[in-house]
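Number of protein chains: 2
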Amino acid sequence: MLKKVFSFFIAAVVFMVVFSNCSSKPDNKNKEPYMNETSIPAENNKVRLSMITVDSTRLDEYNTFLKEEIEASMWLEPGVLTLYAVSEKDNPNKMVILEIYADEEAYQKHIKTSHFLKYKKGTLDMVQSLELIDTTPLIPGLKIK
Amino acid sequence: MLKKVFSFFIAAVVFMVVFSNCSSKPDNKNKEPYMNETSIPAENNKVRLSMITVDSTRLDEYNTFLKEEIEASMWLEPGVLTLYAVSEKDNPNKMVILEIYADEEAYQKHIKTSHFLKYKKGTLDMVQSLELIDTTPLIPGLKIK
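In the order they appear, the protein sequences are chains A and L.
Numbering of the first sequence is given in the numbering used here, commencing with residue 115 and proceeding in unit increments.
Numbering of the second sequence is given in the numbering used here, commencing with residue 115 and proceeding in unit increments.
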């Protein structure tokens with residue numbers, strides 16, 4: 115009888131240890147910091163280039179606005195897949211942003227967010243030119259390693 | 115005595131079950147398909163835009179070359195972090211590639227690979243103009259979700 119109780123106890127411990135350590139613990143090692151994900155196929159992505167010329171006397175101010183807007187969008191909006199912004203080394207006031215949205219709906223949501231509107235209004239008189247170019251990606255769904 | 119042997123046996127089973135199921139089993143759920151990774155900090159990345167105009171009568175042929183070259187680079191070269199290529203919807207023969215290499219060394223290795231040289235030689239007479247623009251990323255290390 116004692117042996118049976120003991121066996122049962124050990125089996126219960128084995129069960130608890132295995133399941134508490136394995137099944138229910140998510141492995142975050144390879145996770146991006148961005149928690150939200152969409153199940154929208156990459157073929158539906160809206161991919162665009164924004165070519166922006168900024169008043170070079172206000173570049174630092176502009177970059178602060180843009181950085182805050184990108185970080186908020188990446189963290190808060192599952193449908194904003196990237197807003198990878200670069201400036202030309204030889205002309206730091208010339209910016210290009212590779213914008214990838216999950217789909218048109220995600221983009222329409224994005225331009226109504228408070229962080230986007232804050233950026234848009236805040237930088238209106240710093241932007242000297244803005245060209246929006248709709249594009250087709252050669253390999254939809256390609257990532258940055 | 116029997117109870118001690120039994121306890122030892124159970125302890126050994128617990129140990130084996132826990133370690134065979136948890137510690138040694140890698141979780142590939144969130145892995146990108148790209149197996150190689152570098153430990154080079156994002157601040158060292160070489161980030162560039164290639165602006166390419168292609169002979170529009172040979173666009174399909176060019177795209178086949180470019181796609182093969184990008185896929186080979188992403189799979190085989192840990193230091194090629196992305197080669198995200200887009201074409202303008204209104205001018206499909208105008209391409210822009212956002213190129214991110216782990217560092218200058220990774221780029222120098224890249225341009226010596228057989229797949230890059232195959233692309234370069236194969237498309238030489240299809241490329242009407244090529245502008246290479248060195249850039250600084252606003253947020254080094256930003257990804258595509």
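No lab work stands behind these hints, which were simulated from the structure alone.
Small disclaimer: the values here were computed from a predicted structure and weren't measured.
Beta carbons: idealized from backbone N, C-alpha and C, even for Gly.
One or more hints might be untrue.
Unchecked claim - Derived Cβ-Cβ restraints for the label pairs, each shown as a range:
no.: 1; chain 1: L; residue 1: Leu246; chain 2: A; residue 2: Gly255; range: 35 to 41 Å
no.: 2; chain 1: L; residue 1: Thr178; chain 2: A; residue 2: Leu173; range: 17 to 23 Å
no.: 3; chain 1: L; residue 1: Asp169; chain 2: A; residue 2: Leu190; range: 39 to 45 Å
no.: 4; chain 1: A; residue 1: Asp248; chain 2: L; residue 2: Leu246; range: 36 to 42 Å
no.: 5; chain 1: A; residue 1: Asp248; chain 2: L; residue 2: Ala156; range: 25 to 31 Å
no.: 6; chain 1: L; residue 1: Glu182; chain 2: A; residue 2: Ser170; range: 28 to 34 Å
no.: 7; chain 1: A; residue 1: Thr227; chain 2: L; residue 2: Asp174; range: 36 to 42 Å
no.: 8; chain 1: L; residue 1: Pro206; chain 2: A; residue 2: Arg172; range: 34 to 40 Å
no.: 9; chain 1: L; residue 1: Glu175; chain 2: A; residue 2: Gly255; range: 19 to 25 Å
no.: 10; chain 1: A; residue 1: Glu175; chain 2: L; residue 2: Asp169; range: 39 to 45 Å
no.: 11; chain 1: L; residue 1: Glu245; chain 2: A; residue 2: Gln242; range: 30 to 36 Å
Unchecked claim - The calculated lysine-lysine pairs, modelled on DSBU-like cross-linking and capped at a C-alpha distance of 35 Å, are:
no.: 12; chain 1: A; residue 1: Lys181; chain 2: L; residue 2: Lys208
no.: 13; chain 1: L; residue 1: Lys234; chain 2: A; residue 2: Lys234
no.: 14; chain 1: L; residue 1: Lys257; chain 2: L; residue 2: Lys203
no.: 15; chain 1: L; residue 1: Lys232; chain 2: L; residue 2: Lys181
no.: 16; chain 1: L; residue 1: Lys223; chain 2: A; residue 2: Lys208
no.: 17; chain 1: A; residue 1: Lys232; chain 2: L; residue 2: Lys223
no.: 18; chain 1: L; residue 1: Lys223; chain 2: L; residue 2: Lys259
no.: 19; chain 1: L; residue 1: Lys234; chain 2: L; residue 2: Lys208
*If you check the beta carbons of Asp248/A and Leu246/L, does the distance land in 36 to 42 Å?*
Hint violated: Cβ distance 24 Å, outside 36 to 42 Å.
*asked:* Tell me if the straight-line CA distance from Lys181/A to Lys208/L falls inside 35 Å.
replied: Holds. Lys181/A to Lys208/L sits at ~28 Å (cutoff 35 Å).
*Range hint compliance [Cβ, Asp169/L to Leu190/A, 39 to 45 Å]*: Given range 39 to 45 Å: holds, Cβ gap about 43 Å.
*For the range 30 to 36 Å, tell me whether the beta carbons of Glu245/L and Gln242/A fit it or not.*
violated, 21 Å
_Hint check for Arg172/A and Pro206/L - Cβ pair distance inside 34 to 40 Å_ = holds, 36 Å
*Lys234/L and Lys234/A: Cα distance at most 35 Å?*
The hint is violated at about 41 Å.
*Would you check the hint for Lys223/L and Lys208/A, treating anything up to 35 Å between C-alpha atoms as holding?*
This hinted pair holds, its Cα atoms lying about 29 Å apart.
*For the pair supplied as a hint, Lys232/L and Lys181/L, confirm whether the alpha-carbon distance does not exceed 35 Å.*
Given pair Lys232/L, Lys181/L holds - Cα atoms ~12 Å apart, limit 35 Å.
_Range first: 25 to 31 Å. Now tell me if the beta carbons of Asp248/A and Ala156/L are that far apart._
holds, 28 Å
*Starting from the hint 19 to 25 Å, judge whether the C-beta atoms of Glu175/L and Gly255/A obey it.*
holds, 23 Å
*In this structure, is the beta-carbon distance linking Leu246/L and Gly255/A contained in 35 to 41 Å?*
At 26 Å between Cβs, range violated.
*Within a Cα-Cα threshold of 35 Å, do Lys234/L and Lys208/L meet the stated pairing?*
holds, 17 Å
The earlier numbered hints that this structure contradicts are 1, 2, 4, 6, 11, 13 and 17.
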